[in-house]
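Colleague: Sequence:
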Amino acid sequence: LVDASSGRGGVFDGVGGTKRAEIASATATETIGNYYAGASEPTDLEAAKELLYFALVRADEQIKAVASTLNLPEVPQTTAAVAKLWRDPASGDYKLLAASSGDSRVYVLDPEGVLSQVTVDNVDDTTSDVDVQDAQLYQSETSNILDPLNSADETYFNTRHFLGPVLGLSDADLEPRIEVVAIGTGYKVLITTDGVHDNLTDNEIRELLAAPLAASEMVKSITGAARDRSAHQDFARAKTDDISAVVLLID
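Under the numbering used here, the first residue of the sequence shown is numbered 1, with each subsequent residue one higher.
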């Protein structure tokens with residue numbers, strides 16, 4: 001999902017790698033794109049957050065509806081990470097709105113070269129602030145480990161494929177958590193499936209994202225590095241998985 005003209009992008013990773021999982025990711029991509037296409041640009045921040053929130057909720061509902069229409073034995077599921085640039089019409093300032101479901105992520109690289117993980121894996125709007133902060137801290141600490149250093153790190157690497165809330169989860173209503181960060185000229189936004197950030201450390205992602213390349217070339221560079229790493233199964237971070245990314249450059 002890429003619409004550079006409106007500052008919107010997203011990735012969706014069907015859970016399980018089956019044909020049904022592809023239905024989930026394709027349905028989410030189409031539904032969110034159509035949802036934004038049919039909406040006017042919000043004039044206040046809360047309305048912009050609400051639009052992103054309900055775009056993901058609608059995608060969740062549509063996946064379940066498609067499963068019912070096709071009489072599938074199970075509702076297909078997909079992770080999601082979506083980012084939307086919003087301009088305050090009063091001040092002219094820009095905000096980045098980001099939401100994720102499961103373990104796909106949104107990152108921001110500022111003009112000083114500082115990389116920030118905007119979303120938090122496997123949380124939603126019902127997760128307490130304390131639990132979100134704990135998850136954010138632990139994910140930040142483990143995102144630069146090249147080889148597991150202790151039993152806690154090993155446990156994380158061995159269980160990182162277990163997902164929390166995702167689109168299409170049949171026994172729950174989706175309640176996406178919306179993050180908002182200030183953003184401006186010179187910033188870069190990276191949206192990734194877990195095949196990227198599981199294989200690459202945050203430091204490696206930062207170096208690749210800092211390169212003076214066009215957005216499409218940056219995507220090739222990042223996904224190519226992740227695929228190269230995934231081929232070395234003797235490496236601690238190596239993981240064969242969907243490897244997808246979107247880059248938005250803020251000019």
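Hints are not guaranteed to be accurate.
Calculated pairs, PhoX-like style, for lysine-lysine (alpha carbon to alpha carbon, straight line, at most 25 Å) [as the list claims (entries may be wrong)]:
1) 188 with 220
2) 239 with 95
3) 220 with 239
Since the hints were derived computationally from the structure, they do not count as laboratory data.
Colleague: Now, for every hint given, state plainly whether the structure supports it.
Modeller: Okay, the hints, checked on the actual structure:
1. 188 with 220: holds, 15 Å
2. 239 with 95: violated, 33 Å
3. 220 with 239: Holds, at about 18 Å.
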